[in-house]
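Sequence lines, in order, name chains Y and U. Residues in the first sequence are numbered consecutively from 1, following the working numbering. Residues in the second sequence are numbered consecutively from 1001, following the working numbering.
Derived from the structure by calculation, the hints contain no laboratory data. It is possible that some hints are incorrect.
[Claimed, not checked] Pairwise CB distance ranges, derived in the manner of DEER restraints:
| id | chain 1 | residue 1 | chain 2 | residue 2 | range |
| --- | --- | --- | --- | --- | --- |
| 1 | U | Gly1087 | Y | Leu85 | 51 to 57 angstroms |
| 2 | Y | Ile19 | U | Glu1160 | 47 to 53 angstroms |
| 3 | U | Asn1409 | Y | Glu9 | 21 to 27 angstroms |
| 4 | Y | Pro41 | U | Ala1414 | 18 to 24 angstroms |
| 5 | U | Glu1227 | Y | Tyr96 | 54 to 60 angstroms |
| 6 | U | Gln1148 | Y | Pro41 | 40 to 46 angstroms |
| 7 | U | Ala1361 | Y | Tyr96 | 27 to 33 angstroms |
| 8 | U | Lys1157 | Y | Asn124 | 26 to 32 angstroms |
| 9 | Y | Ile19 | U | Asp1126 | 37 to 43 angstroms |
[As the list claims (entries may be wrong)] Pairs of lysine to aspartate or glutamate, EDC-like flavour, derived with a Cα cap of 20 angstroms:
| id | chain 1 | residue 1 | chain 2 | residue 2 |
| --- | --- | --- | --- | --- |
| 10 | U | Lys1349 | Y | Glu9 |
| 11 | U | Lys1157 | U | Glu1202 |
| 12 | Y | Lys103 | U | Glu1412 |
[What the hints assert, rightly or not] Which chain Y residues face chain U? A few, computed with CB under 8 angstroms, are given here:
| id | residue |
| --- | --- |
| 13 | Val26 |
| 14 | Gly34 |
| 15 | Gly46 |
| 16 | Gly56 |
| 17 | Phe64 |
| 18 | Thr66 |
| 19 | Gly122 |
Where is the CB? At the ideal position from N, CA and C, for every residue including glycine.
Now for the letters of each chain:
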Amino acid sequence: MKIDFWGQEFEANMILGCIGGFLIAVMSSMFGFGGGPFMVPLLTVGLRLPMYIVVGSSLLAIFFNTSMSSIRHYQFGNFDLVLFLCMFPAALLGGYIGPQIAKRVSPTVVKQIACAGLVLLGLNLLGLY
Amino acid sequence: MKKTVRLMPFWMVFLVFLFLTSPWSAIAQTPAAPDTGQVEPQTMGAEPAAAEMAQPAPCPARPTVQIDKTSLNNGGEIIVTGQAPPGKPVFLEVWAADKTVRANRFDSKKDPKTGKIPYVFYLTYDMPAYYKIFVPKTAQPQLDAIKQEGKKWSFSKALETLEAGAAYSVPAKMSIERYKATIMASIIGSRGNLMPAMDDQENKKSSMQLVKSRFQSADKVLGADIEVNPDGTYKAVIKIQAGLAPGNYKIMAAVDKDLRSEPAEFENKINFPFVYLSVAGTSQNIFWPFLLTLAISIFGVLMGAGGGFILNPILVSLFPLPHTIVAGTVMPTVLFSQASGIYNYSKIKFINWKLGCTIGAAMLLGGFIGPKLTELITLSQFKFAFGWILLVLAALMFWQTTPGYLAKNKKEQAVLKEFKKRAEEAAKAKQA
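Modelling step: build the complete structure from the supplied sequences, incorporating the hints.
Structure representation (structure tokens):
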């Protein structure tokens, strides 16, 4: 499929994109996370698209997944209104404060910290320590 | 541009849908709370009368139950005393009488007799939010042995070894639905075909399995705290931990299948900031999830990944929340930040609608199936899989800090800036 972006044209393998997107969607909706960090590598490495197309478009693709799985979780009775109401304002506030701090810290350092934290959390969940 | 116009109504309609459905469930839930408040004084009045009736009854066979207080404030200790026929073990069954939760279990274990995998999904909405059987202190070694079994323990076997089967009554009467799951049904996201109702014996057996899948650890549903004296009097200090469901609790003493006491009642009260989560079946100090979400969503913005990755595992590890509830509630939380992100990108025309919608369609299908699968796995499987996902994510994060990636990113950031500048100029030109 041809992708037109600001006058530039890119050729992308949409079959790979759709299969990958489908699998990421199953996983992310099953475990309740967004899926952005998996979508971006899929589109940049798998489909060889440049980062600046991917950021916005992957967000759009993920939004489809999140809205569908929110409806499905609601149908299955997995939605707790009270818990939602106490997390939702915090998420909004975090989304407001976050970008202001982001200007002052190096994203590489944050990613290194996150990397270490994720390994620890992952090993903890696997029951290895 | 045309596609922008066509898509806008879709997600706006969805947001409206979400806003509309939430108050409905709020209305449906709120009447329940004042209701219990009104019923409560009546039962309080009736309770001493029932105790008096039970006490002077000359029949010595029936055990009695007295409790030292009738209300608790978010947990505490209750001293239960009573009289039972001498020389027999006494069991206490304690449960939350007016708060029930959902419990489900997917049976995919091979039947050792037939060699077939049943693939049956059991579901009930009648599980008490709190349920525990207390056994005499002398059974402590057996109970410890059960705890040693770890996650593989079986509630029905535990009741057998503790000889506490007589005390098990309330969950046995739950109405349990069971569905025959098929691969096809799971793909389209249905629970499968409803199977005929079970008879009492089967119902009791599967209710025990549901108790286990709901409360997970043996610690939560079994305790050896009753001191039984040779003359048949007994005393137990029952600890009701903080963070349980509010409302009426009942205690019933049992010696034998037919020898059960009248239930004694007490009330567990919770106050703000503790709030009862009716789907999760636990009370929670709401400031903790708030602060946790705040910290993690800030960190999520910084590292460029949604907070759900970190929020979900921490929520299931720290709080007594079922993984289905966590997954189902975190999902809509990130929805709005995504929507605002899309809006901001679309303003500067940084979204390729063709690309986003094509992959979005595939993801829509995946999102339809995923939530069904959450129900089919247990909490420990959830944690295990999530552990691996986080390790993969950590590897991805590490890759993003490697010099090669950073150099490429820098180049693309420069292009991005150039495009942004152009977009702003275009906007200005339009205004002029």
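Consistency of the hints with the structure:
1. For the hinted restraint 51 to 57 angstroms between U:Gly1087 and Y:Leu85, the CB-CB distance of approximately 54 angstroms keeps it satisfied.
2. Against the hinted window of 47 to 53 angstroms, the Cβ-Cβ separation of Y:Ile19 and U:Glu1160 comes to about 49 angstroms, which satisfies the hint.
3. Against the hinted window of 21 to 27 angstroms, the Cβ-Cβ separation of U:Asn1409 and Y:Glu9 comes to about 22 angstroms, which satisfies the hint.
4. At roughly 21 angstroms, the beta carbons of Y:Pro41 and U:Ala1414 sit within the given window of 18 to 24 angstroms.
5. Hint check: U:Glu1227 to Y:Tyr96, Cβ distance near 57 angstroms, so the stated range 54 to 60 angstroms holds.
6. For the pair U:Gln1148 and Y:Pro41, the supplied restraint of 40 to 46 angstroms holds, since their beta-carbon distance comes to about 43 angstroms.
7. In this structure the supplied range 27 to 33 angstroms holds for U:Ala1361 paired with Y:Tyr96, their Cβ-Cβ distance being about 32 angstroms.
8. U:Lys1157 and Y:Asn124 have their C-beta atoms about 30 angstroms apart, which keeps the hinted 26 to 32 angstroms range intact.
9. Taken as a hint, the range 37 to 43 angstroms holds for the pair Y:Ile19 and U:Asp1126, whose Cβ atoms sit roughly 42 angstroms apart.
10. Among the hinted pairs, U:Lys1349 with Y:Glu9 is consistent with the structure: their alpha-carbon atoms are about 16 angstroms apart, no more than 20 angstroms.
11. As the CA atoms of U:Lys1157 and U:Glu1202 are separated by approximately 15 angstroms, the hinted pair is consistent with the 20 angstroms bound.
12. With a C-alpha separation of about 18 angstroms, the suggested pair Y:Lys103 and U:Glu1412 falls inside the 20 angstroms cut-off, and the hint holds.
13. Against a cut-off of 8 angstroms between C-beta atoms, the interface hint on Y:Val26 holds, since the closest Cβ of chain U lies about 4 angstroms away.
14. At its closest, the beta carbon of Y:Gly34 sits 3 angstroms from a beta carbon of chain U; the interface hint therefore holds under the 8 angstroms criterion.
15. Annotation: Y:Gly46 was flagged as interfacial toward chain U, and the flag is violated, the nearest CB pair being 11 angstroms apart, outside 8 angstroms.
16. About 4 angstroms separates the beta-carbon of Y:Gly56 from the nearest beta-carbon of chain U, less than 8 angstroms, and the hint is met.
17. Interface restraint check for Y:Phe64: the shortest CB-CB distance to chain U comes to about 4 angstroms, inside 8 angstroms, so the restraint holds.
18. A hinted interface residue such as Y:Thr66 counts as satisfied when its beta carbon comes closer than 8 angstroms to some beta carbon of chain U; here the least separation is about 5 angstroms, so the hint holds.
19. The restraint placing Y:Gly122 at the interface with chain U holds, with a minimum CB-CB distance near 3 angstroms, inside the 8 angstroms limit.
Of the numbered hints given earlier, the model fails hint 15 alone.
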